[in-house]
Amino acid sequence: MSILVNKNSKVIVQGFTGTEGTFHATQMIEYGTNLVGGVTPGKGGTTHLDRPVFNTVEEAVQKAGANVSIIFVPPAFAADAIMEAANAGIELVVCITEGIPVQDMVKAKNYLVGTNTRLIGPNCPGVITAGECKVGIMPGFVFKQGRIGIVSKSGTLTYEAADQVAKAGLGVSTAVGIGGDPIIGTTTKEALELFMNDPETDAVVMIGEIGGGMEAEAARWYKENAKKPVVGFIAGQTAPPGRRMGHAGAIIGGAEDTAEAKMKIMAECGINVVASPADIGKTMAAVLGK
Amino acid sequence: MNLHEYQAKELLKKYNVPVQEGFACSTVHEAEEAYRQIKNQSGSSFAVVKAQIHAGGRGKGTVKESGINGVKVAKNIDQITEFAKGILGGTLVTIQTGPAGKVVNKILVAQDMYYDGPSERKEFYLSILLDRTKKQNVIMYSTEGGMNIEDVAHDTPEKIFKEWVHPGGPLQGFQARKIAFNLGLSGEAFKNCVKFVTNLYNAYVGLDCGMLEINPLFKAADDKIIAVDCKMNIDDNALMRHADVAAMRDTTEEDPTEVEAGNHNLNFIKLDGNVGCMVNGAGLAMATMDMIQLSGGQPANFLDVGGTANAQTVEAGFKIILKDPNVKAILINIFGGIVRCDRVAAGVIEAYKTIGDIPVPIIVRLQGTNAEEAKKLIDESGLKVQSAIQLSEAAELVKQAVA
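From first to last, the protein sequence lines stand for chains U and W.
As numbered in our numbering, residues 1 to 290 make up the first sequence, in order.
As numbered in our numbering, residues 1 to 403 make up the second sequence, in order.
Just so you know, not all the hints are guaranteed correct.
Computed list of lysine to any residue pairs in SDA-like fashion (alpha-carbon distance at most 20 Å, straight line) [claimed, not checked]:
1. Lys231(W) x Arg220(U)
2. Lys109(U) x Lys231(W)
3. Lys134(W) x Arg220(U)
4. Lys144(U) x Ile338(W)
If you want the footprint, here are the derived chain U segments under chain W, 3+ residues with CB under 8 Å [unchecked claim]:
5. 107-121
6. 208-215
Source of the hints: derived by calculation from the structure; they are not laboratory data.
Here a beta-carbon is modelled for each residue, glycine too, at the ideal position from N, C-alpha and C.
Whole structure, please, built from the sequences with the hints as guidance.
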């Protein structure tokens with residue numbers, strides 16, 4: 001079933017009736033995602049895009065059987081939306097919102113401890129299982145169906161990887177954009193672990209960037225648990241230290257934050273590291289002997 | 001967003017964190033007035049003059065024009081005048097500013113805390129920041145204050161303590177006591193330190209700080225615990241709920257081109273290379289910079305145009321990149337997802353025509369929705385713009401441009 005989402009996922013949109021929510025909900029429905037409704041407090045009981053609007057996530061779970069939620073609410077309210085979804089028992093929460101204060105995420109992340117909710121993001125493009133279900137803002141047509149998993153901190157770089165994989169004659173099982181913020185729900189290592197255990201994924205593209213220790217953590221885990229080949233790339237080899245490169249979490253603080261250090265650790269752990277982002281697709285094809 | 005020491009101290013006072021009192025001054029006259037007030041209040045004729053810039057190492061740094069250090073202790077009004085004249089308007093060069101230095105627009109004239117008293121004076125170090133791995137805030141502290149904490153961490157790591165704070169609540173009493181004990185305090189100083197640390201943590205959370213550093217955290221000879229210096233960074237994402245703090249932004253401390261780019265909703269960082277670039281998405285932008293280097297060039301900038309790459313943003317991007325005389329070529333790399341490539345191409349052509357003759361080669365790589373139509377538009381425009389669809393093709397064109 002690939003990972004995280006498939007054609008049976010019952011998806012709701014938090015921030016359903018807003019501009020962003022409306023636009024991307026329409027796109028998701030066109031892709032074939034089973035979108036069962038949405039939440040906008042105060043607009044419960046109405047319909048939007050031919051689907052019911054609920055006042056609370058709890059109501060959406062009870063009445064529409066939702067088990068996946070995608071969040072488009074503004075930064076000031078996004079952490080609250082994550083906690084509401086977790087409280088209602090949503091299994092997978094994908095938070096697209098960019099610009100959430102870090103201290104809000106510290107609280108939300110702590111709130112998730114002990115629940116059955118998995119968070120993807122925030123500040124991410126979402127998750128797509130090619131040909132089945134899109135819970136995100138990515139252009140669906142780029143993700144040709146296949147057996148390569150993608151985990152990435154960056155949005156457009158995920159599309160780039162999916163495109164190169166397709167050009168190399170391969171396709172994507174599931175692509176997960178985990179987000180570029182300092183505190184995120186699902187880590188690189190966790191996504192990699194899901195792919196290693198997924199019978200429908202043969203190999204994984206792992207894309208990271210400067211800042212934080214997630215890539216090193218994933219690489220060290222992979223060294224002990226490798227079942228399938230991984231092609232890796234780290235963006236920011238030319239980034240100056242101490243500057244935030246667009247993403248709030250993309251900043252070189254310590255020695256293990258640099259692209260060079262991460263690429264070295266990844267290579268030592270058996271990951272096929274590419275120096276140029278233009279080489280992701282062809283390296284994957286070479287690794288798989290295609 | 002970084003704050004000046006004087007601004008950070010004003011904010012800390014609102015959270016009942018004791019600070020070294022002082023006045024921010026823009027003129028020599030104001031500095032003299034401030035000195036008189038401090039002298040009246042403290043009864044001491046000593047006062048400290050501190051240059052206000054967004055960089056550390058001020059005490060050891062020197063003002064280019066006058067040769068005076070960025071932090072000076074004055075014994076009398078004449079010295080205040082001398083130091084204020086020597087620092088205000090001058091260019092302070094410290095290990096953190098680079099050789100160009102930073103112009104000092106304000107000085108802080110503050111009370112001298114190193115007065116004599118019944119107990120020994122001590123300097124400690126304390127900072128609060130986010131531990132990304134543990135997803136918790138951590139208080140780092142050391143008995144070795146007043147010096148470079150990186151050196152302490154390197155030479156004597158056993159002298160650095162860490163206290164993680166559970167995200168569910170405030171700093172607990174036992175934690176504040178532990179910190180005060182580990183700093184070797186007792187009696188009044190111990191009690192003052194517990195209060196200080198508790199209030200400081202509240203300030204860190206309440207103000208949405210990204211980083212809060214007190215160095216030195218000072219124990220005066222009368223057992224007062226005081227923030228003598230303060231470095232404060234505020235989470236940019238949280239400025240929406242701190243209008244008063246957002247108003248403290250000092251754009252003179254920032255790169256003027258980066259400020260201008262921000263006004264156009266562009267995320268721009270100036271670098272030293274020869275190939276400018278304009279990209280949608282932060283990750284792809286960094287990857288594009290890396291590719292420029294692998295192709296034999298050096299990136300001149302980071303520029304994320306975000307999700308709306310239209311004629312206006314492209315034009316603004318061109319203008320900002322072209323301000324840099326070192327730029328020998330410009331690479332535009334857009335992966336069109338929701339945004340259609342043919343519209344971006346039309347925007348590039350329109351922006352090119354508006355600006356007129358662009359003196360450097362332009363390479364446009366458009367991939368994604370309607371990429372073929374976009375390439376056709378560029379190729380048929382008659383402009384000196386080279387187009388590519390694959391990233392590897394773009395890399396090859398960059399290689400030729402910088403050869």
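Notebook entry, point to check: Do three or more residues from the region 208-215 of chain U put their C-beta atoms closer than 8 Å to C-beta atoms of chain W?
Noted result: holds (count 4)
Note to self: Hinted pair, alpha-carbon criterion (20 Å max): lysine 134(W), arginine 220(U). Please report holds or violated.
What the structure shows: Holds, because 18 Å separates the two Cα atoms, which is no more than 20 Å.
Next item on the list: Verify the proposed pairing of lysine 109(U) with lysine 231(W), using a straight-line Cα cut of 20 Å.
Entry: With a Cα-Cα distance of about 27 Å, the restraint between lysine 109(U) and lysine 231(W) is violated, given a limit of 20 Å.
Item checked: Verdict on chain W covering the region 107-121 of chain U, where coverage means 3 or more residues with a C-beta closer than 8 Å -> holds (count 3)
Notebook entry, point to check: When you check the alpha-carbon spacing of lysine 144(U) and isoleucine 338(W), does it fall within 20 Å?
Noted result: holds (17 Å)
Item checked: Restraint status (C-alpha distance of lysine 231(W) to arginine 220(U) at most 20 Å) -> violated (35 Å)
In this structure, the hints that do not hold are numbers 1, 2, in rising order.
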